[in-house]
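With the hints as extra help, turn the sequences into a complete structure.
Protein chains: 2
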Amino acid sequence: MLNFRSAAGLIALASILSLPAAAQRQARTPTPNDTLKSPEVLPDRQVTFRIYAPKASEVAITGDWITHGRAKAGPLEKADDGVWSITLGPFVPDFYSYSFSVDGVRTLDPKNAWVKPGVTSLSNMFEVPGDDAAYEETRPVPHGEVRIVWYQSSTLDTMRSMHVYTPPGYESGNAKYPVFYLLHGAGDDDSGWSTIGRAGFILDNLLAEKKAKPMIVVMPNGSMPPSDKGPAFQAGRFADELLKNVIPYVEKNYRVIANRDNRAIAGLSMGGAQTLRVLPSNLDKFAYAGVWSMGVGRESTAGFEQDNAAFLDNASKTNKELKVFWLAVGENDALVGESAKNLDQLLTAKGIQHEFHVTEGGHTWINWRHYLHDYAQLLFR
Amino acid sequence: MLNFRSAAGLIALASILSLPAAAQRQARTPTPNDTLKSPEVLPDRQVTFRIYAPKASEVAITGDWITHGRAKAGPLEKADDGVWSITLGPFVPDFYSYSFSVDGVRTLDPKNAWVKPGVTSLSNMFEVPGDDAAYEETRPVPHGEVRIVWYQSSTLDTMRSMHVYTPPGYESGNAKYPVFYLLHGAGDDDSGWSTIGRAGFILDNLLAEKKAKPMIVVMPNGSMPPSDKGPAFQAGRFADELLKNVIPYVEKNYRVIANRDNRAIAGLSMGGAQTLRVLPSNLDKFAYAGVWSMGVGRESTAGFEQDNAAFLDNASKTNKELKVFWLAVGENDALVGESAKNLDQLLTAKGIQHEFHVTEGGHTWINWRHYLHDYAQLLFR
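Chains A and B are the protein sequences, given in the same order. Residue numbering for the first sequence is 1 to 381, as defined by this note's numbering. Residue numbering for the second sequence is 1 to 381, as defined by this note's numbering.
If you are wondering where the hints come from, they were derived from the structure by calculation, not from laboratory data. Check each hint, because a few of them may be wrong.
Same chains, same names: a pair is fine if it fits in one copy or spans any two.
Heads up, simulated BS3-like pairs for lysine-lysine below, C-alpha to C-alpha not over 25 Å straight-line [said to hold, decoys possible]: (1) 213 with 320; (2) 55 with 78; (3) 317 with 211; (4) 229 with 37; (5) 211 with 55; (6) 317 with 350.
Right, here's the structure in full:
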């Protein structure tokens, strides 16, 4: 992974040019923290995590590889110099996220400035490089741009942001492109798919290998402003935001092919729920859909059937219009595993063509990056 | 500030669609942390910071308003429920950054996911809204795009990223634009000017008020890969990277006016040092320069004079070519204040026309955003 978002990339300010003697005199007693490295990815793909906390009585680590079932983690052990550490793995080559808990306080790794922001899901990132991660790495291939775009939302009466991936060649060319609307999960925002989600890099690598059609990927902010009016209201607000603001903005400002055969949608978790909300009543707008790590609970199946009768009860029409309907969930997803299976069974019972993939792992970005990689290859064919 | 990067924007996953009963059963004992809010900006512009750390014996806060001299901060006080808190201010309306220290361990605010990433300068952000901050706020005006761009660096033999601001109207128009190369400080990366630096928003607001010429702003990554060869080598690498990779990439891929009258450069701290390295031998490429919170130490003045004799000893030529040379430093900048004054004196002694602004405050983004706001108005006139 050839970037330099780590502490090792720092050039000390004082050494750039000669600085005043006063600044250079600011010496202090060194601590083990000064030279501490964390995380350290070892040649055998084990990873050592360290944190300097001499007064702490308990330090633990949480990470998405644990939810995924790839490795476990006990408490860190304290050395005499106040440094707590643990070595885990070996890890499958991939990108991972983690945070510490120091005496019960959630603490990012002070030695690792590579972070994944989010509404509530802030955590550190690291990469274990290797062949398994090649599909999502920053490789020497042509790269598209990820653009941070602010627009005035008429439905929410505020400025909102979205991230927009334009493929290599967009800037210098004149071609028009299909558009894939890619939705994040709860606790996240429109940056998630471009940090831990690696969406731009996954598309860059697919395009370099000619495994996907060139496309624009639009990643809106799916987290609505707070409301007491309940989840159905919030899901409706997102649908309005997407259909009345995001899509019109994109189709006005980018070179897109604006018809249903050239629009796709997919989302993970909350974004999967939003996809299930938008899709059935908007088959005139989307020919491709993905629902990842989300489903419909058994207790709300009747309501879902009732709300979406036109979609579910006209299988021949739905099947003709929906070119790809791609569902996936991790086999260890305690949160939505049963709901996802229930949705698969409902669609099967209704005769709605779809793919349902039960993969390894849990409710994690480890899976969602792979789902994007697999799904994007099927679009706009 | 109308965005929703705070915890308040979260829609609970479980409430989106009906989830399996198993997930809903995952109850646990509530703690004060569950409903804790931090930071809380009060109506009188005081701000309360809180962190749940029942086992800690000492919690402190550091923030850039302290360095700037706007408010002080003692240790937080612990309540019986394990929540530490402190109320500071009132604050001048502005954007601020901070972090906690919990028993000596640097800890981001677990309740505030709005963060400023960086190579080593990770911290939380918050805004105190108000008229003084209007110039940098996300306002309902036309917005440009901030693009994350990856390119192959021939000088560093790796993929590198830069952030590129394109002004409102760039995407839909055909005009060519001048380019401003804007450099960050040590410990930071190319994202800094677009997070805590607010560069895109500052430009958007200036353009909406017709106080600046439409321009592209290129924010490269100034942090070089680690090297044992010393600071002069690293500064030379950055100059190579800028001149041989960044500028050619920009001029190939964007609609720019590629001549000296339409190129500007400026940088803060390390970026100011990089500007001082690049500018004197490249007056054929830049007609505007800014050096912010950086200078030349007295002990290295002779070397600086020797290295830049052609620039310093031909004042009439330099003054004819350099349309704006804009230096600024905070009056409380202990790190580089004396160096900046020394540079001002050297330039004055040599007859090199320049502006030197000694502002309030210290070595902080509070100043750098204002410097950008003031300097950008002078460019390309």
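Hint by hint, here is what the structure shows:
Taking CA atoms no more than 25 Å apart as the test, residue 213 paired with residue 320 passes inside one copy only; the shortest distance there is 22 Å, against 52 Å between copies. Taking identical chains as interchangeable, the C-alpha atoms of residue 55 and residue 78 lie at most 25 Å apart whether they share a chain (10 Å) or sit on different chains (17 Å). With identical chains, the CA atoms of residue 317 and residue 211 are never at most 25 Å apart, being 29 Å at best within one copy and 56 Å at best between copies. For a Cα distance limit of 25 Å, the shortest separation of residue 229 from residue 37 across copies, 21 Å, qualifies, whereas the shortest one inside one copy, 47 Å, does not.
For the identical chains of this complex, residue 211 and residue 55 are neighbours neither inside a copy (53 Å) nor across copies (53 Å), given an alpha-carbon limit of 25 Å. Taking the closest pair of Cα atoms, residue 317 and residue 350 come within 25 Å of each other only inside a single copy of the chain (12 Å); across copies the shortest separation is 81 Å, beyond that limit.
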